[in-house]
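Student: Take the given structure of chain L and dock chain Z to it, following the hints.
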Amino acid sequence: AQSVTQLDSHVSVSEGTPVLLRCNYSSSYSPSLFWYVQHPNKGLQLLLKYTSAATLVKGINGFEAEFKKSETSFHLTKPSAHMSDAAEYFCVVSEGGGGNKLTFGTGTQLKVEL
Amino acid sequence: SAVISQKPSRDICQRGTSLTIQCQVDSQVTMMFWYRQQPGQSLTLIATANQGSEATYESGFVIDKFPISRPNLTFSTLTVSNMSPEDSSIYLCSARTGETQYFGPGTRLLVL
Numbered sequence: 001a002q003s004v005t006q007l008d009s010h011v012s013v014s015e016g017t018p019v020l021l022r023c024n025y026s027s028s029y030s031p032s033l034f035w036y037v038q039h040p041n042k043g044l045q046l047l048l049k050y051t052s053a054a055t056l057v058k059g060i061n062g063f064e065a066e067f068k069k070s071e072t073s074f075h076l077t078k079p080s081a082h083m084s085d086a087a088e089y090f091c092v093v094s095e096g097g098g099g100n101k102l103t104f105g106t107g108t109q110l111k112v113e114l
Numbered sequence: 001s002a003v004i005s006q007k008p009s010r011d012i013c014q015r016g017t018s019l020t021i022q023c024q025v026d027s028q029v030t031m032m033f034w035y036r037q038q039p040g041q042s043l044t045l046i047a048t049a050n051q052g053s054e055a056t057y058e059s060g061f062v063i064d065k066f067p068i069s070r071p072n073l074t075f076s077t078l079t080v081s082n083m084s085p086e087d088s089s090i091y092l093c094s095a096r097t098g099e100t101q102y103f104g105p106g107t108r109l110l111v112l
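As they're listed, the protein sequences go chains L and Z. 1 is the number of the first residue of the first sequence in the working numbering; add one for each residue after it. 1 is the number of the first residue of the second sequence in the working numbering; add one for each residue after it.
Don't read these hints as lab results, they were simulated from the structure. Warning: the hint list may mix true and false statements.
Stated by the list, open to error - Selected chain Z positions facing chain L (in silico; Cβ < 10 Å):
1) Ser1
2) Gln6
3) Tyr35
4) Gln37
5) Gly40
6) Thr44
7) Thr48
8) Glu58
9) Gly98
10) Glu99
11) Gly106
12) Arg108
13) Leu112
Said to hold, decoys possible - Here are the simulated DSSO-like pairs of lysine-lysine, each with C-alpha atoms no more than 27 Å apart in a straight line:
14) Z:Lys65 <-> L:Lys42
15) L:Lys101 <-> Z:Lys7
16) L:Lys111 <-> L:Lys42
17) Z:Lys7 <-> L:Lys42
18) L:Lys42 <-> L:Lys69
19) L:Lys101 <-> Z:Lys65
C-beta atoms are modelled at their ideal positions from N, C-alpha and C, and glycine is treated no differently.
Extracted from the complex, chain L is given alone in its bound form (with noise of 0.2 Å):
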């Protein structure tokens, strides 16, 4: 079984200031990790990505994940936060040993503030 835990529900940084959204996973095999973003009646994009291969991820928009396996974690960081990041993040990860089904995490909801 898999699962993802995001641990933040809600983050709130200043624009120009470091963006920190933490996310745990359990996985029984070599899973797959992703984030995904969603804005304000806006569909699901990708971010980046994570699949056993380099554990320092880069994605779009200036954001990279660091897949730890000794602490199950995924975390997102971007150096300088944005107003255009405003918008709900989803950790999902997918299980390795051929598995096809993504779980979410329930979200962190990032505010960008003046």
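Tutor: Chain Z in isolation, oriented as in the chain L frame:
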């Protein structure tokens, strides 16, 4: 990657009626999925749409309520049958290429 479109983008329906949502992918894909996102919540997988055979439903979802068609490798439909206000949600189509799933923009459904 895959670009996915859905129709309609939103609808307001009366209870007891049915709505069919269409999903079109810009390339042939093996795996297509339907998800539901209830207000303020995360995504829940409804079913995997299998080409040429019956869809595979997740626990809590049944074919009579959510019939799904997958006539070819680029198209699928989801019908929400005999709707009630509890069916008010965003319904998202998804397609998998390689190890990555892409999502459509969603259909926002309000049932009165």
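Student: Does the interface hint hold: is Z:Tyr35 within less than 10 Å of chain L, judged Cβ to Cβ?
Tutor: Hint holds; Z:Tyr35 Cβ to chain L Cβ min 8 Å, cut 10 Å.
Student: May I ask you to test the interface hint for Z:Glu58 with respect to chain L, counting a Cβ-Cβ separation under 10 Å as satisfied?
Tutor: With Cβ-Cβ at 8 Å, under 10 Å, it holds.
Student: Should the hint that Z:Arg108 touches chain L count as held when the rule is a Cβ pair under 10 Å?
Tutor: holds (8 Å)
Student: For the restraint on Z:Ser1, tell me whether the closest CB of chain L is nearer than 10 Å.
Tutor: holds (8 Å)
Student: Given the proposed pairing of L:Lys101 with Z:Lys65, does the C-alpha separation stay at or below 27 Å?
Tutor: holds (21 Å)
Student: Given Z:Gln6 as an interface hint, is its Cβ closer than 10 Å to any Cβ of chain L?
Tutor: holds (8 Å)
Student: Using 10 Å as the Cβ threshold, decide whether Z:Gly106 counts as touching chain L.
Tutor: This interface hint holds because 5 Å falls under the 10 Å limit.
Student: Assess, step by step, whether the Cα of L:Lys111 is no farther than 27 Å from the Cα of L:Lys42, and give holds or violated.
Tutor: Holds: L:Lys111 and L:Lys42 sit about 16 Å apart, inside 27 Å.
Student: Compare the distance between the alpha carbons of Z:Lys65 and L:Lys42 with 27 Å, and conclude whether the hinted pair is satisfied.
Tutor: holds (26 Å)
Student: So if I understand the rule, the pair passes when the alpha-carbon distance is 27 Å or less; does L:Lys42 with L:Lys69 pass?
Tutor: Violated: L:Lys42 and L:Lys69 sit about 32 Å apart, past 27 Å.
Student: Run the distance test for Z:Lys7 versus L:Lys42: straight-line Cα separation, threshold 27 Å.
Tutor: Distance of about 14 Å is within 27 Å: holds.
Student: Given Z:Glu99 as an interface hint, is the shortest Cβ-Cβ distance to chain L below 10 Å?
Tutor: holds (5 Å)
Checked against the numbered hints listed earlier, the structure breaks hints 13, 18; every other hint is satisfied.
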